[in-house]
Structure formats: structure tokens, C-alpha cells
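Asker: Each chain is listed here by its residues.
There are 2 protein chains.
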Amino acid sequence: MYGRYTQDLGTFAKDEAARLRLQEGDTPRPRRPSELLEYSQGRCAPCRVCALQCQRFLISKVGEDWVFLILLGLVMALVSWAMDFAIATCLQAQKWMYGGLDTNVLLQYMAWVTYPTVLITFSAGFTQILAPQAVGSGIPEMKTILRGVVLKEYLTLKTFVAKVIGLTCALGSGMPLGKEGPFVHIASMCAALLSRFLSLFGGFYENEARNIEMLAAACAVGVGCCFAAPIGGVLFSIEVTSTFFAVRNYWRGFFAATFSAFIFRVLAVWNKDEETITALFKTRFRLDFPFDLQELPAFAVIGIASGFGGALFVYLNRKIVQFMRRQKTINRFLMKKRLLFPALVTLIISTLTFPPGFGQFMAGQLTQKDTLVTLFDNQTWAKQGINDEFEYLGILEAWRHPRSNVFVTLVVFILMKFWMSALATTIPVPCGAFMPVFVIGAAFGRLVGESMAAWFPDGIHTDSNIYRIVPGGYAVVGAAALSGAVTHTVSTAVIVFELTGQISHILPVMIAVILANAVAQSLQPSLYDSIIRIKKLPYLPELGWGHHEKYNVRVEDIMVRDIRYVTLNCKYRDLQQVLHSTKMKNLPLVESAESMILLGSIERAQVGALLSSQLSPQRRLMVLRQKVLSEDGHRLSDSSIRFQISTETSSGTPARPALRKPLKPALKRVPSSPPDSPPAGSTDHTGIALKSLFCANAAEPTEMGGPLLALVGRPYPLPCPMAPPQILEWEEQQLDQVVDFSSAKIDPAPFQLVEHTSLHKTHTIFSLLGLDHAFVTSIGRLVGMVSLKELRKAIEGSLTGKGVKVRPPLASFRDSTASATEADTTALRQLWDRHQHHHMPREAGPGGEDDDDTPK
Amino acid sequence: MYGRYTQDLGTFAKDEAARLRLQEGDTPRPRRPSELLEYSQGRCAPCRVCALQCQRFLISKVGEDWVFLILLGLVMALVSWAMDFAIATCLQAQKWMYGGLDTNVLLQYMAWVTYPTVLITFSAGFTQILAPQAVGSGIPEMKTILRGVVLKEYLTLKTFVAKVIGLTCALGSGMPLGKEGPFVHIASMCAALLSRFLSLFGGFYENEARNIEMLAAACAVGVGCCFAAPIGGVLFSIEVTSTFFAVRNYWRGFFAATFSAFIFRVLAVWNKDEETITALFKTRFRLDFPFDLQELPAFAVIGIASGFGGALFVYLNRKIVQFMRRQKTINRFLMKKRLLFPALVTLIISTLTFPPGFGQFMAGQLTQKDTLVTLFDNQTWAKQGINDEFEYLGILEAWRHPRSNVFVTLVVFILMKFWMSALATTIPVPCGAFMPVFVIGAAFGRLVGESMAAWFPDGIHTDSNIYRIVPGGYAVVGAAALSGAVTHTVSTAVIVFELTGQISHILPVMIAVILANAVAQSLQPSLYDSIIRIKKLPYLPELGWGHHEKYNVRVEDIMVRDIRYVTLNCKYRDLQQVLHSTKMKNLPLVESAESMILLGSIERAQVGALLSSQLSPQRRLMVLRQKVLSEDGHRLSDSSIRFQISTETSSGTPARPALRKPLKPALKRVPSSPPDSPPAGSTDHTGIALKSLFCANAAEPTEMGGPLLALVGRPYPLPCPMAPPQILEWEEQQLDQVVDFSSAKIDPAPFQLVEHTSLHKTHTIFSLLGLDHAFVTSIGRLVGMVSLKELRKAIEGSLTGKGVKVRPPLASFRDSTASATEADTTALRQLWDRHQHHHMPREAGPGGEDDDDTPK
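Chains as they are written, first to last, in this note's numbering: chain A, 93 to 948; chain B, 93 to 948.
Heads up, a few of these hints could be off.
[Said to hold, decoys possible] In the EDC-like style, the derived pairs of lysine to aspartate or glutamate whose C-alpha atoms are separated by at most 20 Å in a straight line are:
#1 Lys374/A / Asp380/B
#2 Lys837/B / Asp828/A
#3 Lys853/A / Glu305/B
[As the list claims (entries may be wrong)] Interface residues of chain B toward chain A, partial, derived using beta-carbon atoms under 7 Å:
#4 Ile323
#5 Ser334
#6 Phe336
#7 Ala338
#8 Val339
#9 Gln386
#10 Ser596
#11 Met602
#12 Ile606
#13 Cys662
#14 Tyr664
#15 Asp666
#16 Leu860
[Said to hold, decoys possible] Derived Cβ-Cβ restraints for the label pairs, each shown as a range:
#17 Pro494/A / Trp362/B: 46 to 52 Å
#18 Ser496/A / Ala180/B: 30 to 36 Å
#19 Asp194/B / Phe548/A: 47 to 53 Å
#20 Glu686/B / Leu861/A: 51 to 57 Å
#21 Asp194/A / Asp365/B: 55 to 61 Å
#22 Leu861/A / Gln818/B: 39 to 45 Å
#23 Arg873/B / Pro138/A: 31 to 37 Å
#24 Lys881/A / Gln145/B: 38 to 44 Å
#25 Asn557/B / Ile552/A: 55 to 61 Å
#26 Trp547/A / Asp365/B: 26 to 32 Å
#27 Lys364/B / Val503/A: 53 to 59 Å
#28 Gln471/B / Val361/A: 23 to 29 Å
#29 Glu489/B / Val361/A: 50 to 56 Å
These aren't lab readings, by the way, just hints derived from the structure by calculation. What you are looking at is a predicted structure, and each value in this text was computed from that prediction instead of being measured. Just so it is clear, CB atoms sit at the ideal spot from N, CA and C, and this is done for glycine as well.
So that you can see chain A by itself, here it is in the shape it has in the complex:
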């Protein structure tokens, strides 16, 4: 089906192109050098023609999705592998230093503590200086971006470099941090940069919808090449970043993630680390009898406990952030010395894990990877207490302590790592929380498994065969359950299978993950949602687990009824009032105040632009010129009539060519219309009489290259032929004119809801279409409006007040629209104030001037 359709569309496109070419052929066009080549003589000509054709073919192929996805997968696999290599080297260096200094414990301690502190401090400082956006996981921001919000500076090369280097240093320090969240962000940046790079070859990459699709695939690649888990990566990225997932994008994620995981593992084989492609944390559990049916309750217990643990982790993480921000003394101190907090945290954590010190009770010398390998180990450790046959070999040694048993070590490990991870993930470096949580879960599972093994030394099964309990299986279950609980995902189960290379524990894992999710979701938001709330990113919370109240709340219960609107026949003064009285980003345009028939929606910025262009100095000058002209020509005495005429002229085409252009799309700054030099046609008519008048101001428009709006507030410094009172009078007259909407960009089909639409459906539509607001209409008549704010309030209930009240930490991330609108509002507020109090021009004037010097 696909093939044939597309073929047909392709044929159609080709036919169309041929037709156009024929039409074009009528008018002779200059041949391009490449075409001329075919006719040129010489030996090299055929070669060159061939090369050119190849080049053209390649360029046409660059536009294909799969080329992009392969490139993305390749780049990300290389990045992932190189980072892993660098991190391993860093960790090796620490171990080497620690091992080399074993003569002096103090020196050992110094080395053990200084190394990570320096790395983390460097990472924090580097990130802070280069791109503060690179801090943290990145998944919350990607979730917001995929919802359609534009986060500034978030997918740039600078951020990419900062994140890669910062993450390498942070993980190289051996702190309990993860690479999975940041990898989602890195892959997205990689996709954005790649598409910008490839767009040099063709324009296919300029489509926004396509870019969003590619970003979704990139998220999958990020997780996929981090764990060498293509399927789990795709599913995890879908669960974590999407609300509604387009199944037609599915293959993109799978394709890119598989390719990326493949290259990532092949690199390991080529580097002789592995003999062939296998799982990252391969386990060797027995296949014939993986677990007993009677062990399932224990797995369920792991699931439920992990649910509580996951919720506690999210809560703890948030409380730490909130505490740090609320304590003003600490806050002020930390703000001043930005690098002190990371250094302090690293110092505490590395001190506690110092192997000869407290670290001996919590396997402090193991790296994250080694910890996981040992936890997934096939043997049973607890048996050691019963019959001493079992030897702790190699890295397993770390779990043994001569004066305690393995249970104590595990409990201490879990408790210490728990708060350490929650604390470490608040450090302002690029870091994720998935891997630390995964390790804690594995340790918890191991603890339960070892307990079970100690309780039933010969297994539960009482039939002929003896099947001993495998604590490693419990560790796998625990890891999946806790990470699932923290992230509110089910696909951690799949990640676990792909990581361990064994799927035999599928049912225990699924049961535990689902129970953990059920518990955690009813207690706390997911870690990523929690961060979204802390950072106050513009995101719509999910509806909870099937609660029926949502089906009964309707739009009419939550909508704002008292909204400001713009009528088709309103005056500029009305626009001004509307702008002053509301902060809505989009204003409804209705036919008239009586009929209230909704015609469309107009952006606030557009209204501002209309207003400011009406009152702009350029226009004033134009009017003045017209006035002089008409005085020259007809000597009309009535100035009001003159103004009327001049307005009509100026609203015609030649007067404002800049504003006639299609305006820039949404979420951009108010287009600062290029200063229109007086049109050539009219300049001819001005004659010599005007030249003396204009020569003083000729350079003025060029100087005023800044935002047009800023100019409105600055009439006085202008060397203007009108005196301020005259200007005011003129502006008053202008404001009484009827608005000409022809130059404004109106959204002709804003999304409409009906009063009876349920909250559930509204939420679905908002999520599906990434809406920001919707108008509520009743048979064409505007009756209200619902925006994300109202919807969020309705979903969160009365919680909004109690919610996370921290200062948005990512001030620079803020939506570009918001800032534009704010600047806008300020300028317009001044305008309004000036006109409200135009009997006191002295006071308002300087205020407007002050603000103008900082137009940002």
C-alpha cells in the first residue's frame, strides 16, 4: 500500500515538475554550468558529468529519513562508546591512584576524595560557563519540547559540547549518577544539529513536523545506545517523553536505536573487549527452571516495596531541591559560590564511600558497573554463612566484610546509596538518576533474594529435583521495579531483559514492575514530572489512573467566561484597552460585540504591532509629509479632514510595505519591521520644498533599527517636526480610527470547544494537538476560553497553591514568546499610561525613555 501510494504521488510530483519545466521552457533560462558540461569537450568531461550526477543522486538521498537515522545512530553510538571509554579511563585512573598510595591512608583518602571533587567541580563550572541548559537530566525538557514548546538554546552545539564533556567528567568521578537521561538530551541535540547540517544539502529538514518526529526517534536512540537496548530504548523514550505516540514514527525509533545499539556493541567487539555481540550485563541464570511459582509472592513484595521506595526517592529528591532553594542563607551563599555546593556534596559522598573507612560496609570501592555485575551474579552469597564452601572471587570480594555478613553490607549499601543518589542528582552537572536507582533496586532485590535463599536453602520446590533459589534473578527484578517506580514506566522491564540478555524472569519482572508502578503512581509524580514541576516548564499534567470524576467535569465548569476580545470594527483605542486589561497571548477576534461570532484569533504581539504601526513615528512623518503636500497643493484648511485623508492613504499598499509581508510565525519576537525608507514613488513627488524639512530626519529611520515597539514610548528625544502636544493630539486622533486588520496575521481557525466537552476529552485534545488555549463557542458565538492554566488547575484540583514554589531555575529556558510578550506588554503599558494621563506628559516621558534603554 505504502509503496504504491507513494510511488503514485512521486509520479504525480514528477509529472508536475515536468509540466512546470515545460512551462519554464517557454521562457529561455540561462543554463547552469553543470548542464553546459555535457556539451563541453575534453577527456574529463564524461567523468565530471558522472561525478555530478552521483553528487546529485547523493544529495537527493540525503533527504531520505533512513539516511538521517543511520547517521544519527552512527554518531550517537560513537559518542556513547567514546564516552564510556573516557569514563572507564577516568575510573581506572582513580583506582590506580588509590591503589598506588596504599602505604598511607591519609594520602589514599586525599586522592580518593580530591579526584572526584575536582572532576565534579570542573563539570559544574564548565557547564555553567558554556551552557547552563546542559545541567540535569534533559528528559523533562525533551518531554516539553516534544509537546511543541520551544525551549531556547536547548538544542544547540554549545549545549551539546557542554553536556558531553560535563557528563563525561561527572560520571568519571564515580558519583552515583547516570548517563541515560542526559543521553536522551544528547541524542536530541545531535538530531537537531544533524538536521541543520543536512539542510545544507536540501530543504527537507526545515519542516517542523518532521523535526519533531526526528526528535522522538532521537530520544529512542539516546536510551538505546546507552544501554545497548534498542527495544527498551524505544519504549522507554515513548513512555517518558510522549503523551500521544504516532505509530507511524515507531519504525524510525526502532531503526535508529537498533543501528545505534549494533554499532555500539560492534565497537566493543572491534576493541577486543568482547568476543561477539552480547548483552551489556550478561547473566547466566539457568533456563530450565528460572523460578518457582511459589516465589512469586516474594517478587510481588519486591514490586510493592520498590513502589514505596521509588515514591520516597522522588519525594526526597524534590525536598532536597526545595530545601536548598528555600533556605535563603544557604541559597545566597551557594548562589555566590556556585561551585561550592557540588564540591561539598562530592566531598561528603566520596568520604563516606572511602573503602578503608565507612566504604568497607557498603562495597565502596566498586564502580557502578562492577556493582551491577556483582549484584546480578549467579551465585548465592548468603550460603557462606551456612557452609563455607563459597569463595568470593575477584570483585565479589568487596561485598564481604570480615566482621559482618552480607545482609548488613547490602542494607547499609541500600540506605546510604539511597540518599546519596537523591542528593547527587541535585548537583548542577549533566546527570541522570536512572542508573543509580537501578543499582539500588538491584541491591534491594539481591537482599530479598539472599534472604529467600537463606530461608529456603534447598529451594521451595519439594519435588524430585532440587532447584535452588537464584538471588541474581531477584536483583534483576528489583532493578526493574525500582527504576520503573521512579520513572513511572513499564518498559524498564524490557531494558532489563536487554541488559542482562535473559528473558526467563519475564513474569516476575512484569509483576513487580506493574505493582511498583501502581504504588508509586498513586503516591508521587514521576521523577521527570517532578522536575518539570520544580522547573515550572510549560507542561500539562497527565490525568490519573482512570478516575471517573474527569469524565464528568465539563468545559463550562472550568472555562474563563470574562474574556477580552477584539471586534472586527473596533478602533485602535479599543485595541489599546484590550491589551491593557488582559495578559492573554491570543485574543479572539469576533465579528461584533453584539453577535460575538468568532472569526479567528489574533496574537497579542500582532495587536501590539498594529497599534504601534498606527502610532509609529514613521507613519507620523508620512502623515506630516502628506499634510505638507496637501497644503502645498490644495491648501485645505480643515486639519481633521486632512488627517482622515492621510490615514486612508497610509493604510494603502505603498505606505507600509514592510508590514504587508507575511509576518513571522508564532513564538517569535514581534517582528521589528525594517525601517521603511520613504517609497521611491512618493519621494519623487515630495519636491524640493520638503527636502529641507526631511534632511534632518533622513537618517533617523535607519537609526531606529531596534524593535519598533520601543520607539512608541520614545517620542520626545526624536528631533521631530511635531511638538509633543501635537503628537499627543495626533495620536489621539489616530486611536479613534477603525482598525485595519488586513496587515495582521490572523489565525483563521483557532481551536474551538463546546461548553459540554468533558475535561477528559479536553485534556486529550490539548495533549494530542499540543494546544495552548482553545476558545469555547456556542453556535459560532464566543462564550469563553480555556487555556493550559485552567486545565492544569482543574486537573490538579486545589493543589496549585501548594505546588512547588521554587524560583524557575532555568530563566534562560523560558519560552521565547513569553519574554516577547512581556517586553511587548511593558511597551504597551507605557503607551496606555501615557494616553490615560496625557495631561501630564512630563512625568510619563522620562519613564518611557528609561525603559527603552533596556529594550530586552
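Start from chain A and add chain B according to the hints.
Answerer: For chain B alone, coordinates are given in the frame of chain A:
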């Protein structure tokens, strides 16, 4: 987050309820018996109160999603297990008969052939009689249903019974058929029935959005409990049935599918079939070195070949259906003897698989399950030719033939099974094609694997260790690739892992599946899409793999510009004309023909209802009564004025109380408004003078209980006080009145697009919201319309004409709206015709009467 929000909403709802109760409390209400119980004396009272509270608690819990999902999982697991048991018994019986008759080959043949023929014929006949909707896979229909289309009779108990019994018989016959597609359908029916059953306890199950969500989960359960593959089931069902998937429904599928798979496998353990829960087709490949990196090209070859094979299968399957339908002789013959075709096909297939006959060259004696078990076998068969050490044990014996080698057997098996499966899946019994294709794929993979093993007897790897090639791994890869190619899904990879219980071949499987998908998707639609096209189900085709043309086609290129509309101030005559001139299901309502401002959309049925109520005999009687009244009272001579007055009265509220009610939702028949007996108030005023007039007609309105529209065409037989010419005159006058829309159900916010919306975005929006049509507006003005038809045309290009031209086989499945609209159109056409030719009332009258006798 979820927990707290929902809790708050819950609290809010409780507060609201408390408030309402307080308000209610002001007016004393009768206490229910249960409340009175608390005050009644006696020993049993506390018990009964407790029991009642428990009951109330249980009923409140029934509304929870998880209760529903557990019930669904449980029921489906039981169904799946019981069916498997029955199928196994059937197959055992055939084997037993075949084995018992080994003295006489003819008798053996008779038994071998008759048994499946009888079963298939019974299955076909039973399904045909009980519910023809149960025929086939069910996935295409579920895809359509999940898009929001209502397929009649598709989720009923009758269909459920027919499908379960029909499927058991069909699979018990040993034909190459699968149970996975039908299981998706069975699970959906189960969910629909369960929700209808549970709605007896509470009203939560009446919400349509919720039911759709539950159906999506049910699809996952269907696949999950069929293969004991919860993750694969969820993913497969998403890929196969959804266009846009709501991630918030994800857990439902996982939860139910896991529970279902768990119970399904636990039943096997309890039945002592298995020792513990393991995979369905457990493999025992080595873990340390699953495959060599240098084997990857072979896996890629399997993938590409499977892609071509899958496309060929879909093509073959469609061609067989088309051939059967096009050949009129065959068709007429088969239509008459509906059971002959299934019997014939079964006869051919079972003859060819007869083990002592041709079946010996294609392992004919093996059941589907045994075939898979042998194909996934750990040993290498081809070695047998080289060194004779290997013994074919047990069922493996079937693959050996004394006079040929295993390669020949495999090739014959693949070729024969290929067309057999394609043919068998066209039999009108409940059956799927997944499993047969899966088996063919496994055989193909095995063939490649055995070839590789014969080529490299000691493995490719030339290092110290010798790792032999595992042909079983190739079989797994082949199975995933071919089934992925036929269904256009990637998740067959996950299903394969869950089926075999091993994930070690993840990279080969993923590579092969993706390549197979890439090839198959560029050649043919998926099997399910092919069936959708054959059955002409109302479904929107997918956009192809990232073709950029779609981003450049715009709505203005494909929209219908010349559309009929209804204006706010139009007359009934205009309505009539609009209905006559267009077949659109939804008519736009615009303010006026000049402004063209879109106010809403009105259903065709509603327009018809408006028109017929205006011309209804009831209203005429009312008018007559009014006339008599006014003649009695005022003795006005001018009848036209009288009519005018009476109309005004009748358009008031008390005259048409039935139509004032909120009309029934879309996709329903035109509401046959209950015959309104003259309102009590007005009857009082009629007085004695009217009684003689009305006594003859008093019973008339009660008789006219049928569809209102039908009555319009039957004015003559009515014992009416008006003569036909008078009626015509009256109706003409009525038609000239301005339409009163107050009683019509108008969709106040139909979906609007802009001319510049791209085809890609339009497709997305249509898929996301399940739209049927959208109006194209330009600043509030209606300029065109896009419906599914235009969109489909635009996507399919010029293919529509060449498309599958078969008669829709599921005539009874047709959308209920369509039929309602057709009936509607017929009635209105008559009305129109009569008014166009009202100078010939004699001719039109009987025609109208004829049609009325068959109002359906």
C-alpha cells in the same frame, strides 16, 4: 502527582456531593430500605448493615479500571487455555484415528481427510448461521473500530460464541490457520460484554471514550494470552490497531496482558503440563556465544528475503480473494453452496499433507506446534549428511526422508505451506494468518541456517574456541522477519523473544525484522490493511515512509469547494433543495449566503427531521385544530392569515414537546419522535365543538408510531380532514416559512482547517481525532470541505480507480449511519419529488405508499 491530584478531585467530588445532599436535605426525601435498616432492631441488623456496606464498597470498586482489567485477563486466559486444550484434543483425536488405521492406507486417508473437512465445514456453517461477522481475523475490523467507527453487531455475545467455537473447530482441523488475529477480536468482544455486564453495577461503563481505551487494552490481552507474550502482545496490538497511541493507556494493556499471560501459564502448571512458568516454545541456545558477527549478513539476507516473501504472501492472499469474487461462475456456485468452498480447500490441503503420500516430503504429520518446536530445535540437522552421529529423535523424525535430505524437505515444506496458508486464510471461518506465516518464516530461517551449518561445519570464527552455527537461531530470526513483513510490525521481534524465552539473538532479529519491514512496506500494504481495502472498511490509509511530497500538498489542493450549506435565515424549501442536491452527512450552517461565516454543522438527519416535522400530519392536525378554534372564536375569513397565525403558534413551545428534547447522538437513526398526544392544556380549550372532529382521528397518532419520515410520504391513506390538494397547498405554504433551528441539534464547533494546512498535518489531525470531515475556513468564512474521501484520494493518488473493486463482503457490517442516511434520503427524495411535481399528485402518491410498506 497522579495520586494527589486524583485525591483532590475525589475530595472535591465528595464535597460537591455533600453539598448537594445538604441541599437535598432541605426537602425531605423518602428513605431507602437500606438506610432504614440501620434503625431497625433485631440480631441480624448489624450483619445486614455490614453486608450492605460491603456490597456498596464492592460496587464502588467494580468501577475501577484494574478490576475490569483483571476480570478481562482472567476470562481471556481461561478462554485461551480451554481453547488450546480443546484444539489439542481435536488434533490428538485425528492422530489417534490416523494411527489406529495403519493397516489400510485408504482408510487412513479417508480418516485423515474427512476429519478436518467435517470440522472446517461445521465451523464455516456454524459461523455463517450464528454470526457471519465472526469470519476472518478481526484485526482489520478492530483497527476500524478503534478509529471510532461503529461496526454493527461486531462486539456481541452471538459473535463471541460463534468466533470461539468456530475458531476451535477450525484450528482443531489442523489446517494452517492461526489463533492470534481472532483472539484480538475475541478479547475485544469479551471486554465489550464484560463492560456491559459490569455496567449493571454502576454507570461508569457507559462512557464511550473509556470503552475505546478498554478495547485497546483488550487487543493487547488478546495477543498476550495467545502467545503468553505480554510485552509483545501490547506492542503488536498497538502497531496493528492504532494510529496514535495514548501513552496513558499503556499500563492498561501491560497490566491486563501480564495478568492474562500469567494465568494462562499458571493453568498449564496446575494442569501438570509444565513444572514452572516458562516460555511457550522454549529454546536452549548457548548463551556465551549466541552468534558470530560474521553471520550477520546471513541474517540480513533472511530479512530481505522475508520482506519479499511477506509482500508476496499478502499479494497472493488478496489475489485469491479477488479471483474467487471476480469469477462469476465460481462465485455464483460458491454463493449457492456456501460450505463447498471451505470443504474443497480443506480436502485439497489435507490430501497434500497426507503423511504416507506427498506429506512425507513436507513433514505433513506434524501439527503446527510440533513443527515450531522442531524448527527451533537446538541441534543441527544437516550434519547428518556429513557424519551420521546425529539421531532424529521423536517428532524430529518427521523431517527425515530416507530418499531425500532435509534441504529438500524444508524447501518443499516452505513452498507448499506458502500457498496453502494463503489459500486457507481465505476460508470463511474465524482464522488468523499470523501463526502459519510464523511457521513458514521459521522453516525458511532453518533452511538458511542449515545451509550455513553445512557451509561452515565448524563455525566461521577462527579463533581458539570452536562455536558451531546454531540453525535454530536462524529459525527464530526467520519467523520474526516473515511475520513482521506480513503484518508490517516490528514487535514480532519481542513476541519471538517471549515465545522462545531467549533474547540472545536480539540484534539479528531486530536487523532482519527491520529489513523485512522496509522491503515489505515498500511493496505491499500489510495483510490487515489489505483486508481493510478488500472489505472496504472506512479507514484512512497511512502516509508512507517519510515522503516529502505530503508536506507540500495543501488542503486547498484537495478540498471540495462547491459545497451545499444551510443558512441561518433559510426557508424550509432551501433545506429541501440542499438535501436533494448533496449527499453529505453533515451540512455546514453559515450565517448567511453573503457573509458565509461558519456557525456550526448540522447533521443531514437533523435537517430531515426539521423538514419532516414541519410537514408532519400531526402538525397539520394541530394547525387544523387551531384553524377550527380560530374560526370558532374570531371567524376570520382569510385562510392564509389563519395559516400564518397557526404556524406561529405551532412553532411555539407547547406544540412540539417531543422535538424539544435533546436529540439522540450521531450515528443513530432519525429519532422517531413519539407521537405527541395533544397537550393537556390545549385539549382543555378545544371544547365540545372539536370532539366530533377528533374522535375519528384520536387513535391515529398512536398508530403512527413508526418512523416519522415514513409518514410524510403517506398523506393519502390517512383519514385526514384535509383533501390532498389542500394538503399540498398547506405544505407549500409551510415550505416557505423560515426555518426554526431551535429544536435541531447543531454541532457548534465542527473541526476547521485552513487552506494552507498541509496534507501531512491534515492526515495527522484526522487520525488523531478520528474525524470524518472538516470544514475549511478563512477568517470565519466557509470556503470548502475536506472529508475522508478526499483525503484518501489525495494519499492514494490516482490509485482509487484501480483499487480493489470487490463487493463489500460484510454488507451487514456497514456503518449504521450510512443506512440511516440512506433511508432518510429515500424518504426525503420522495418528499422532494412530490413537491417538484405537485401538479401530478396521483402518480406520486402510490409510489410513496409502496415505499412506505418497507420502511427499512
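Asker: Within 51 to 57 Å: is that where the Cβ-Cβ distance between Glu686/B and Leu861/A falls?
Answerer: With a Cβ separation near 32 Å, Glu686/B and Leu861/A fall outside 51 to 57 Å, so the hint is violated.
Asker: Are Asp666/B and chain A close enough, Cβ to Cβ, to be under 7 Å, as the hint says?
Answerer: Violated, about 18 Å.
Asker: Range hint 53 to 59 Å: satisfied by the CB atoms of Lys364/B and Val503/A?
Answerer: violated, 40 Å
Asker: Does Met602/B pass the interface hint, meaning its C-beta sits closer than 7 Å to a C-beta of chain A?
Answerer: It holds, given that the least Cβ distance between Met602/B and chain A is near 4 Å, below 7 Å.
Asker: Could you check if Cys662/B really has its C-beta closer than 7 Å to a C-beta on chain A?
Answerer: Status violated, d = 15 Å.
Asker: Could you see if the CB distance from Lys881/A to Gln145/B stays within 38 to 44 Å?
Answerer: holds, 41 Å
Asker: Honestly, do Pro494/A and Trp362/B meet the 46 to 52 Å range at C-beta?
Answerer: holds, 47 Å
Asker: Taking the least C-beta to C-beta distance, is Tyr664/B closer than 7 Å to chain A?
Answerer: Violated, about 19 Å.
Asker: Does Glu305/B lie within 20 Å of Lys853/A when you go C-alpha to C-alpha?
Answerer: holds, 12 Å
Asker: Under the criterion of a CB-CB separation shorter than 7 Å, is Ser596/B in contact with chain A as hinted?
Answerer: holds, 6 Å
Asker: Can Ile606/B be said to touch chain A, with a Cβ gap under 7 Å?
Answerer: Hint holds; Ile606/B Cβ to chain A Cβ min 5 Å, cut 7 Å.
Asker: Determine whether the Cβ-Cβ distance between Trp547/A and Asp365/B falls within the hinted range of 26 to 32 Å.
Answerer: holds, 29 Å
Checked against the numbered hints given earlier, this structure breaks hints 2, 9, 13, 14, 15, 18, 20, 22, 23, 25, 27 and 29; the rest are met.
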